[in-house]
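**Q** Sequences listed follow chains E and F, in order. Residue -2 is where the first sequence starts when you use our numbering, and the numbers rise one by one after that. Residue -2 is where the second sequence starts when you use our numbering, and the numbers rise one by one after that.
Any given hint could turn out to be false.
No copy is singled out in the list; a pair is fine if it fits within one copy or between any two copies.
[Unchecked claim] Below, in silico cross-link-like pairs of lysine-lysine (PhoX-like), each with a Cα-Cα straight-line distance of 25 Å or less:
no., residue 1, residue 2
1, 123, 25
2, 106, 318
3, 146, 308
4, 438, 106
5, 239, 106
6, 60, 285
If you're looking for bench data, these hints aren't it; they were derived computationally from the structure.
2 protein chains.
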Amino acid sequence: MAQEKTVSKEITPQSEDFSRWYLDVIKKADLMDYAPVRGCIVFKPDGYALWEGIQQELDRRFKETGHRNAYFPLFIPESFFQKEKEHVEGFNPELPFVTEAGGEQLEEKLAIRPTSETMFGHMYAKWIQSYRDLPMLINQWANVVRWEKRTLPFLRTSEFLWQEGHTAHEDEVDARKETMQMLEIYREFSENVLAIPVITGQKTPSEKFAGAVDTFSIEAMMQDGRAVQAGTSHYLGTNFAKAFEIQFTDRENQLQFCHTTSWGVSTRLIGALIMVHGDDRGLVLPPKLAPTQAVIIPIGPAKLRETVNAKAEELYNELRKAGVRVKLDDREGITPGWKFNEYEMRGVPVRIEIGPRDIENGQAIVVSRITGAKVSVPLDDFVDQVQSMIANVHTEMFNKALAFQQEQTYDVDSLDQMKSLFEQKRGFVYAGWCGSADCEKQVKEETGATSRNIPFEPKVKKNKCLVCGEHGEQTVVFARAY
Amino acid sequence: MAQEKTVSKEITPQSEDFSRWYLDVIKKADLMDYAPVRGCIVFKPDGYALWEGIQQELDRRFKETGHRNAYFPLFIPESFFQKEKEHVEGFNPELPFVTEAGGEQLEEKLAIRPTSETMFGHMYAKWIQSYRDLPMLINQWANVVRWEKRTLPFLRTSEFLWQEGHTAHEDEVDARKETMQMLEIYREFSENVLAIPVITGQKTPSEKFAGAVDTFSIEAMMQDGRAVQAGTSHYLGTNFAKAFEIQFTDRENQLQFCHTTSWGVSTRLIGALIMVHGDDRGLVLPPKLAPTQAVIIPIGPAKLRETVNAKAEELYNELRKAGVRVKLDDREGITPGWKFNEYEMRGVPVRIEIGPRDIENGQAIVVSRITGAKVSVPLDDFVDQVQSMIANVHTEMFNKALAFQQEQTYDVDSLDQMKSLFEQKRGFVYAGWCGSADCEKQVKEETGATSRNIPFEPKVKKNKCLVCGEHGEQTVVFARAY
């Protein structure tokens, strides 16, 4: 069987080598390939379909909250980056520059956008005159480039796809409300669509976005205990407004600077999705995102195939009509066992097996990808029960990921405790922190863990800095991170 | 009224200055703004929404015909362009190059993609081994850059958005079938969604895509009689397959080169849409693409507002439930007359006026944007009649554009005839052509018109070359073009 050969490569078990497992899974599930440009990948159709699902779900949420899409240029004049001091320091080392075009040297080098605060800032300054123009709520789906030294498919690539929202407001209250609203949309989306539990909180000053006043994030735990920053929302204060002169006449006819925000998620969510849910058999896709939610596989002897296939097609049509993204695999010459493995590897949430005996008994066997549970479903209540099993897969995935996250969450009182913890374990570590960047840096140097965020709802409260032992104003979550 | 002030700028009549009219309309309808990078624009929300509509309609058609989306890198190594001789000659003059990144000079310059045949070629060579891997049918939605000397918003910009389909096939027959299928999808989409009649045909060798064997196009006529190439589909033969070694083992176990195709449409469709349908009052949007298909405006004295607004909201909800993209503008302090102008300028296909007397009479007034016809619609058959009026707007727009195209279509027997024709008129000119590039060039030099395509179904048949008088094998459509 030609098809059987193409997927014969085994997946390294997670317990043996998590990184190897990850690369095996994305290769075997045909999600990406390496591009002939350093640090870039090709998003193959099965990988890109996950991004299309993410886009659809988020785009609806953005529009429901009054945002509209637009498209801003890829090229940003070098001088724009000079206008916001922290911003240029943060991004300059990662910028690629176009220096020649159309056979001529350019007078001013053009950066490829790593993010578009500066370009939005420049345009918003033109578009905003009065408080009546506010709030301005625009999102963009685009490619961005950051010249990364170390890359990892989906999680860190030189070019990646993302959305970046940029909004301008009359005052701090309104801008902070927006910042929090978008963070909450990310949290809700992450939990309800991706089935990924996250820790919401505020970044420490040394981990915040270059140019922001405050950065907030959602942090997810991978199955190797490392963290992925899955989305960020920034309150930018008047930093970019001052740099780009985004000013408006307020209700008292006074000239004011806008308060702006920005917020984004990227194709790294695809990587997070795989690392949170996947197992040794391959991908496990959350039903709301899965391009195929259920696959029907006819079984039994060849001579009875006709009756079985007819029934399978009937079920296929019923599910389809009910809005289930279902696939029927009635290919001949490929064993059911091979098909089972194939769709498990591809992460299809629910598998439906139907054979001659099932038809006699008026039932089909439905198997959950996440628990492996096999359920006999009566055909006279088939659609409802399959739909509820698909919904259950989401809940089971979320609960499993949450239980894992909770199991792998620790708290420590000192750096020594943290060091010995990391000798055996990986995960989120709660600790007190005095607020000093030096203490934070020391944690990183000695444990490899960075502060993920200062959670809004910490599991424990600490009151002494783990490094210096001084008064720890904040409880921080530390973790090694992608 | 603040809002009234922002749109006070008048639109230059088409008859006075078509170019001015175009720029006035896109500015007044708030579709775009100029970016601070040469030849680039910002697609503002109202302009980008048109692209979102185009994407949605085309993407469905691509998927229904078995294509899947993927995403390939923005950067293409310079050496890739050298591999296909015609391709490099065609695109080299327009390429921007990244020469430094992350603070270092790159060893090999990276082009920003102007189109991705080379990158797809490189990857397809890796992915395709056997006839079982074929056809490979992938599309990409992406930004591309061509460093243009003369730019015009939407129609010709240095960076633009587009889709590019790239497919690989076992043989010429299959690849040509794909080429024609995609051209037909573009034609059907153009006519049934954009309400733009087009001439389908084959490009002459000197106008074909750099690297193609044959290029086919759909050509639309703007209201100044100039042409816009609205979509192209290329049969690439084995040119790129040989350059990138896209080979497969065929059914007889022989190594063969793939036959490939590519096809694309871009954001220039937005420009075409405006120039085909717009009038002196502003945009006219085809209903299937219009973000707002109908707007309800309550009228009548302020003291009766409450009853009228309640009824207007009822109608709004009914239309919405029926799937109509409807907007209710019940803002106070803005006159109905101003609102009428505003939504006409924005091209909303149908306007619904409702006042106290209408309610008494159990009716509402529905006005078509394209014909200006006012119809009294009984409220007891409201939704059906409004829906059918919206559908009519599409038909009326298409018919009007088709009538214009036919009126402005001429045929000539000689270059002299063509020259005197262009002294008074603009449009599509049918003429015989011997097939020589020199004759074609002479037409261009003396009339400014280029060959648009060799129509599959020419309105007239000519048999003598308009330039040299020799046997004219082909009947070509010439026009001045954007």
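**Q** Hints the structure violates: just list their numbers, smallest first.
**A** Of the numbered hints, 2, 3 and 4 do not hold.
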